[in-house]
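Asker: For reference, the chains in residue letters:
Protein chains: 2
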Amino acid sequence: MESITIKDVAKICGVSVSTVSRAINNNPGINEETKNMIMQVIKKYDYIPNNSARNLKRSETNNIAILIKGLNNPFFSPMIAEFEKEIKKKKYTFILQRVDENQDEIEVAIELEKEKRLKGIVFLGGYFSHSREKLEKLTVPFVLSTVGMSEMIEGVKYSSVAVDDKKESYKIVDYLCKLGHKKIAIISATDDDESIGKLRFEGYMRALCDNNIEFNPDLVYYLQSGNDRYSMRSGYIAGKKIVKEKADCTAIFAITDIIAMGALRAIYEEGYKVPEDYSIAGYDGLELSRYYIPSLTTIRQPVEKIAVETLKVLFDMINEKTDSVHKVFDGELIIGESVKNI
Amino acid sequence: MESITIKDVAKICGVSVSTVSRAINNNPGINEETKNMIMQVIKKYDYIPNNSARNLKRSETNNIAILIKGLNNPFFSPMIAEFEKEIKKKKYTFILQRVDENQDEIEVAIELEKEKRLKGIVFLGGYFSHSREKLEKLTVPFVLSTVGMSEMIEGVKYSSVAVDDKKESYKIVDYLCKLGHKKIAIISATDDDESIGKLRFEGYMRALCDNNIEFNPDLVYYLQSGNDRYSMRSGYIAGKKIVKEKADCTAIFAITDIIAMGALRAIYEEGYKVPEDYSIAGYDGLELSRYYIPSLTTIRQPVEKIAVETLKVLFDMINEKTDSVHKVFDGELIIGESVKNI
Chain A
2 MESITIKDVA KICGVSVSTV SRAINNNPGI NEETKNMIMQ VIKKYDYIPN
52 NSARNLKRSE TNNIAILIKG LNNPFFSPMI AEFEKEIKKK KYTFILQRVD
102 ENQDEIEVAI ELEKEKRLKG IVFLGGYFSH SREKLEKLTV PFVLSTVGMS
152 EMIEGVKYSS VAVDDKKESY KIVDYLCKLG HKKIAIISAT DDDESIGKLR
202 FEGYMRALCD NNIEFNPDLV YYLQSGNDRY SMRSGYIAGK KIVKEKADCT
252 AIFAITDIIA MGALRAIYEE GYKVPEDYSI AGYDGLELSR YYIPSLTTIR
302 QPVEKIAVET LKVLFDMINE KTDSVHKVFD GELIIGESVK NI
Chain B
2 MESITIKDVA KICGVSVSTV SRAINNNPGI NEETKNMIMQ VIKKYDYIPN
52 NSARNLKRSE TNNIAILIKG LNNPFFSPMI AEFEKEIKKK KYTFILQRVD
102 ENQDEIEVAI ELEKEKRLKG IVFLGGYFSH SREKLEKLTV PFVLSTVGMS
152 EMIEGVKYSS VAVDDKKESY KIVDYLCKLG HKKIAIISAT DDDESIGKLR
202 FEGYMRALCD NNIEFNPDLV YYLQSGNDRY SMRSGYIAGK KIVKEKADCT
252 AIFAITDIIA MGALRAIYEE GYKVPEDYSI AGYDGLELSR YYIPSLTTIR
302 QPVEKIAVET LKVLFDMINE KTDSVHKVFD GELIIGESVK NI
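Line order of the protein sequences matches chains A and B.
For the first sequence, this note's numbering begins at 2 and goes up steadily by one.
For the second sequence, this note's numbering begins at 2 and goes up steadily by one.
Derived from the structure by calculation, the hints contain no laboratory data.
Please note that a few of the clues may not be correct.
Claimed, not checked - Label-pair ranges, simulated between beta-carbon atoms:
{"id": "1", "chain 1": "A", "residue 1": "H131", "chain 2": "B", "residue 2": "K92", "range": "32 to 40 Å"}
{"id": "2", "chain 1": "A", "residue 1": "E34", "chain 2": "B", "residue 2": "E137", "range": "18 to 26 Å"}
{"id": "3", "chain 1": "B", "residue 1": "K86", "chain 2": "A", "residue 2": "V221", "range": "30 to 38 Å"}
{"id": "4", "chain 1": "A", "residue 1": "D219", "chain 2": "B", "residue 2": "K179", "range": "45 to 53 Å"}
To be verified - Now the stretches of chain B that chain A is said to cover, found in silico as 3 or more residues with beta-carbon under 8 Å:
{"id": "5", "stretch": "106 to 112"}
{"id": "6", "stretch": "176 to 184"}
{"id": "7", "stretch": "261 to 273"}
Claimed, not checked - Negatives, chain A to chain B, calculated, CB over 10 Å:
{"id": "8", "residue": "D9"}
{"id": "9", "residue": "E102"}
{"id": "10", "residue": "K117"}
{"id": "11", "residue": "Y128"}
{"id": "12", "residue": "H131"}
{"id": "13", "residue": "K135"}
{"id": "14", "residue": "I154"}
{"id": "15", "residue": "K168"}
{"id": "16", "residue": "N213"}
{"id": "17", "residue": "I214"}
{"id": "18", "residue": "C250"}
{"id": "19", "residue": "E333"}
{"id": "20", "residue": "N342"}
Don't be surprised by glycine CBs; every beta carbon is placed ideally from N, CA and C.
For reference, chain A alone in the conformation it holds in the complex (with noise of 0.2 Å):
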């Protein structure tokens, strides 16, 4: 038997095929009694089935998600837009969903699965340690964007786009070091947080190193934890406890460039200078930074360069064209006002 179209309910029922529309679709605006008489009528000519078959083939398997750590942070903005355009012009529709700091990124993707008919995931940023066996639960195609990763996942197909935050951490304290500066103070993520600040961290270590500089275990700041963590407020905060606490440094080394902010406008705040009382370095290299006063010496990473090729594995992963694909960037250092020689 032929299916009865959404046409033929409606002369059935003697309405409009709007009305019939919103009847399915659960739309507010229409009469209960007009409704009840529709999905009857629906029911007793089999009419849905055909109808959301349809509507599945055409649209609805579309889904792109973007689950993302840290929505707040002006370093995903342009990235997210980037995404969003991309999406649009591949005809797929964009589904956004923050992460909580303290939430599993991997537990949040199964449900979305479960809900939505996703046809690939891009985790964005966040710091990645799953276990295959988790990951295995992933059904779609996903890339992980400027995501924190120590190692590789063997035997699960996943693909990841980023710079290398160690290495990248490593050029711009090295970048100090250089300039003469010995006492160089970091304000980082503590040691149990899961995310680029333990990579961050790394890098600073190792450049202290290379240079024949002795750690001081009294020039970390460590950042309050919580899930404004990487925001100007705490920034702020570490910067004051530096001043006041009449920190034995020349420079510092903020892990992003939001935080690099906040510490400068405590510093600003407690009668100081930079860079002539404290050189401070960023790390992401935002559009603000360069708009900041004074400029920020960072290191920028390829923002846009990241969100489009990371949709570009993405889609030649849900086309089959690729198993997986880890892709670095390279970052840049951008050298602003914010630090001097010493």
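Go by the hints and put chain B onto chain A.
Answerer: Same frame as chain A, now just chain B:
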């Protein structure tokens, strides 16, 4: 006839349930032949329809779309975070859709409604001037959030949540006047700009008038047009122009904080000081504007409150608890370091 289940399909095909699921969802990693066999069984036993009907009921209708003009603008970051949180709490899915400056948001929304089963829409940012006829094409409830609007649209069910841009802009320009400034430049959007720029410009004009200051068209500095109009770069270009043309002003009102910071940076680069040489006032009250050096005198929009209220209103409309609500929040004058009296 009782419909068969996914388990029955799997049994008939001699494959696992998850393989059937993969075939239905068109996921990769399934043999083409197996897939064809499954799809044939599905067709033969009329399976898909019932499954999709179930899914339809379960989750596919629970979409809230946020259409945003100016995704890159940090003004929206805390709002997006708030939306995401609230939408998730209600067990809905957050669909994010960017709208370009020159795109018609209603057309975009109509398209999206066709593709997705939306329950509601939030329009974020931009300026709203659409005919009743066009708005009536939207069949789901919608709320305009922080959208500029000169007048109500009669006969259409919709809600809005925002501050009164004209009134708040008046407030800050009036504040500059009361401090003794008589020559106040404005960095604004062009006349034909369909955005909040128009309303904030009107507030500026009215404040000058009420303070008996003659309007001087030479002190109007227009932002370049284009998608990144409301950017730091755009404010930076205007700021350079103001200094280089030796504009006859003691104060500058920039219609957003981002623009104010761009202008500030330009003035700094040209060797002038804020507020000693120029007072600068912004608008929005970004978190960032408190950490900038100097911190900005600005109007703070209660963005988190606006976001929460926007969704409250939207869900009330979805649940038919209200037809439409127009809620206006007050902005708050924030006294920063970027303005001095004269």
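Asker: Hints broken by the structure, by number, lowest first?
Answerer: 1, 5, 6 and 10
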